[in-house]
Amino acid sequence: MKTNFLKATLVVVMIAGLFESCKPKNSSNAVSADAAQKAYVAPGKYDEFYNFVSGGFSGQMSVYGLPSGRMLKVIPVFSVDPESGWGFSEETKPMLNTSRGFVPWDDSHHTELSQTNGEIDGRWCFINGNNTPRVARIDLKRFKTAEIIELPNSAGNHSSPFITENTEYVVAGTRFGVPEDYKNGDLPINTYKENFKAHISFIKVEKETGHMDIAFQLRLPGVNFDLSHAGKGKSHGWFFFTCYNTEQANTLLEVNASQKDKDFIMAVNWKKAEEYIKAGKGRKEKARYASNRWNDETHTATSTIKEDVLVLDVNELKDICYMMPCPKSPHGCDVDPTGEYIVGSGKLAALIPVFSFDKMTKAIAKKDFEGDYQGIPVLKYNSVLYGEVQKPGLGPLHTEFDGKGNAITSFFVSSELVKWNIKDLKVLDRVPTYYSVGHLCIPGGDTKKPSPKYVIAYNKITKDRFLPTGPELTQSAQIYDISGDKMQLILDFPTIGEPHYAQAAPADLIRNNGQLKIYNINDNKHPRVAKGEKETKVVREGNNVHVYMTMIRSHFSPDNIEGIKVGDNVYFHVTNLEQDWDVPHGFSIRRAPTAELLVMPGETATLFWKATEVGMVPFYCTDFCSALHQEMQGYIRVSPAGSNVPISYSLGTNLPASSK
Amino acid sequence: MKNQKISTLSKVLLLLTTALFIGSLFVPMWRIELEAPQYPEGLVLQLHANKIAGDVDIINGLNHYIGMATLHTENFFEFKVLPFVFGIFALVALLMVFIAKRSGVLALFIAFIVFVVVAAIDFYRWNYEYGHNLDPNAAIKVPGMAYQPPLIGYKELLNFGAYSIPDLGGWMLTIAGMLLFFITLKEYKFNKN
Numbered sequence: 001m002k003t004n005f006l007k008a009t010l011v012v013v014m015i016a017g018l019f020e021s022c023k024p025k026n027s028s029n030a031v032s033a034d035a036a037q038k039a040y041v042a043p044g045k046y047d048e049f050y051n052f053v054s055g056g057f058s059g060q061m062s063v064y065g066l067p068s069g070r071m072l073k074v075i076p077v078f079s080v081d082p083e084s085g086w087g088f089s090e091e092t093k094p095m096l097n098t099s100r101g102f103v104p105w106d107d108s109h110h111t112e113l114s115q116t117n118g119e120i121d122g123r124w125c126f127i128n129g130n131n132t133p134r135v136a137r138i139d140l141k142r143f144k145t146a147e148i149i150e151l152p153n154s155a156g157n158h159s160s161p162f163i164t165e166n167t168e169y170v171v172a173g174t175r176f177g178v179p180e181d182y183k184n185g186d187l188p189i190n191t192y193k194e195n196f197k198a199h200i201s202f203i204k205v206e207k208e209t210g211h212m213d214i215a216f217q218l219r220l221p222g223v224n225f226d227l228s229h230a231g232k233g234k235s236h237g238w239f240f241f242t243c244y245n246t247e248q249a250n251t252l253l254e255v256n257a258s259q260k261d262k263d264f265i266m267a268v269n270w271k272k273a274e275e276y277i278k279a280g281k282g283r284k285e286k287a288r289y290a291s292n293r294w295n296d297e298t299h300t301a302t303s304t305i306k307e308d309v310l311v312l313d314v315n316e317l318k319d320i321c322y323m324m325p326c327p328k329s330p331h332g333c334d335v336d337p338t339g340e341y342i343v344g345s346g347k348l349a350a351l352i353p354v355f356s357f358d359k360m361t362k363a364i365a366k367k368d369f370e371g372d373y374q375g376i377p378v379l380k381y382n383s384v385l386y387g388e389v390q391k392p393g394l395g396p397l398h399t400e401f402d403g404k405g406n407a408i409t410s411f412f413v414s415s416e417l418v419k420w421n422i423k424d425l426k427v428l429d430r431v432p433t434y435y436s437v438g439h440l441c442i443p444g445g446d447t448k449k450p451s452p453k454y455v456i457a458y459n460k461i462t463k464d465r466f467l468p469t470g471p472e473l474t475q476s477a478q479i480y481d482i483s484g485d486k487m488q489l490i491l492d493f494p495t496i497g498e499p500h501y502a503q504a505a506p507a508d509l510i511r512n513n514g515q516l517k518i519y520n521i522n523d524n525k526h527p528r529v530a531k532g533e534k535e536t537k538v539v540r541e542g543n544n545v546h547v548y549m550t551m552i553r554s555h556f557s558p559d560n561i562e563g564i565k566v567g568d569n570v571y572f573h574v575t576n577l578e579q580d581w582d583v584p585h586g587f588s589i590r591r592a593p594t595a596e597l598l599v600m601p602g603e604t605a606t607l608f609w610k611a612t613e614v615g616m617v618p619f620y621c622t623d624f625c626s627a628l629h630q631e632m633q634g635y636i637r638v639s640p641a642g643s644n645v646p647i648s649y650s651l652g653t654n655l656p657a658s659s660k
Numbered sequence: 661m662k663n664q665k666i667s668t669l670s671k672v673l674l675l676l677t678t679a680l681f682i683g684s685l686f687v688p689m690w691r692i693e694l695e696a697p698q699y700p701e702g703l704v705l706q707l708h709a710n711k712i713a714g715d716v717d718i719i720n721g722l723n724h725y726i727g728m729a730t731l732h733t734e735n736f737f738e739f740k741v742l743p744f745v746f747g748i749f750a751l752v753a754l755l756m757v758f759i760a761k762r763s764g765v766l767a768l769f770i771a772f773i774v775f776v777v778v779a780a781i782d783f784y785r786w787n788y789e790y791g792h793n794l795d796p797n798a799a800i801k802v803p804g805m806a807y808q809p810p811l812i813g814y815k816e817l818l819n820f821g822a823y824s825i826p827d828l829g830g831w832m833l834t835i836a837g838m839l840l841f842f843i844t845l846k847e848y849k850f851n852k853n
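Chains A and B, in that order, are what the protein sequence lines are. Per our numbering, residue 1 is the first one in the first sequence, and the count goes up by one each step. Per our numbering, residue 661 is the first one in the second sequence, and the count goes up by one each step.
Just chain A, same shape as in the assembly:
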């Protein structure tokens, strides 16, 4: 009895041990010895690539160096940034203006570098605002947001800001079907099918200035447009969008929008759309959206509200859009460097369909349709399919290309990257991600000419990868070396927000693009600039007081200001007189309910401050500018509302009691 019990215990322990030894090895085993060397960039040395990463729900864009994963900058885009004064200074406030007024936050998902001939040209980076539908253009000479355009008739600007191969257009497709902005939205929600529409905007980008304007919108049935990519090379002239919820559910989408075996990749012939517009087939409709542009000479943004938009109704203009059936609520929509293969990633699928552009155009010519979806022709799956990658993994999301005939696809559910060959559709290699990768990025991996040195995985779950920081953990990305046949994990690095799509470009392409070091003060056309200490002054205009102030190492001019009264609206127009690299100055006022200003050499910025109580108000420089930075300070004297203390200002004169 006793021995039997012991034997049984022994067997149980041995079996348990056997199972334990069968468990997959933990991640530390996946890192080989030379990984550190591959990700190491010595102090003072530069990274090989810039990585422009969407800031997710931070609303900003972050910039990292690869392969070190070192953060270089967070560029404020859609969200206010008290650190730089973005959205707080008078000059930057118009950048965050919308048709509904000032919006201080957004959720930014995808970045896209501008291209010429299908290659990254290093001029601009576009990024989408998801929540308040917007697209921003970031100027890569200044690493600063230069323009933001709002999108009417849209909600959840997700399939954006993907571009054509010469940056002719940036697209913005709505994730939510919604009634048009100027239709009555006070409707029962379950009238979705009749009343909800989806719109895709084509934003024209002016070749020299980069200025954005909505060229036209396509009016489509109310489905959820998810992601997109433009055709390139032979398929230039076409744009491809994935969509889900073709069931048109308006509640419990996770069940109700997952009913159909196949949703669609919609192919848009935008050259055809252009022809229709030329033929006068577009309709100008009432709309309301903001176009905000930064001017580098006045260092000021202006916001213009536009009142109409050109709409093409796809139901009336039949040969612009075609539907290609794609399994299981497709997410990523990626076009290979040749422009021939279109990869759809059904997020619930266990295979990856690859579509052929040539087969698609033939099928369209032969009208090889299986029917239509609310008036849009649906092509036969087998007529447009090049082939399927079998058993690649679970939950494919996105695909990037290495330019050597291979594709790498991210798998959220099975938490891995899988490399496969485009021609024979065979899986070549797979590596785990930690954990549950969303987007991935190969430098130039969605262009005609990738630089296939690394692939970066942007993960949705971090768990135990870094030191814990309470319930909210850091976001993370991982770098894999893909220069050999096998993908090799070389580094984890933390990111801001939740990183979605990202772009990367060779470092030299960006840093030799004519980047600025300073703003030339002689080109400063700010209406209230002071180009030297002699031009500084304090001017009262009724209740408004304008302070024309300068900063230079290490003093403000003026730094003693008297005659401000309670109730005054004070505008500090602060010019940084420095003309030397890396000498910004900061400007902060005690208890200011706004933010500081961070002013670059040669720039002018304005902080509005209301004098609310009698007293002495110090201000100082926040950016350590020299050995005497701590001396860079001043005082504002605030007198009662009816006081007769005159406006006076000075620098360097320790006056005896100046007021009577």
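In short, the hints are calculated from the structure, not lab data. Hints are all accurate, no fakes.
Heads up, simulated DSSO-like pairs for lysine-lysine below, C-alpha to C-alpha not over 30 Å straight-line:
hint, chain 1, residue 1, chain 2, residue 2
1, B, 740, A, 531
2, B, 711, A, 525
3, A, 262, A, 318
4, A, 517, B, 711
5, A, 531, B, 711
6, A, 486, A, 453
7, A, 534, B, 740
8, B, 801, A, 534
9, B, 711, A, 534
10, A, 281, A, 380
Position chain B against the provided structure of chain A, taking the given hints into account.
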């Protein structure tokens, strides 16, 4: 009389000297390079015949910490005179091609040497003036410290290392002087008959 006339080679060299004098008007003659931990890319002052160039504004901005006077082209009469001096040297060198007297070349050479010596003394004087005549209210005061840049060569001035060396124009003038020396030597030493 006849043997005082200079050779064709000397005339060609005189033409070259003329060109060098004229050329030096268009390029910087002298440079003072400054290096500091905060300026890994370096700063440079370039002295042309007619102006100060380079990172003048940045250097003027930094000078206020030690109370050094700011540099402005208009404060130096030399920049008004030097272009004429070089112009005259060029003109005389050109005239010598036609006059072709070896005594004339000798006189030109001596004049040039005198000019170099006077210029060096003048340069030293300015360096001394700027390096010593400091604002007593300056933020940084190091007892006994002067900030006189070297006449030529390297010197450490607080966190800055200063190199004072000829620039392209300076080398052109050096070659011009060497050519004059060579012509004089050739005409007097090797052309005795």
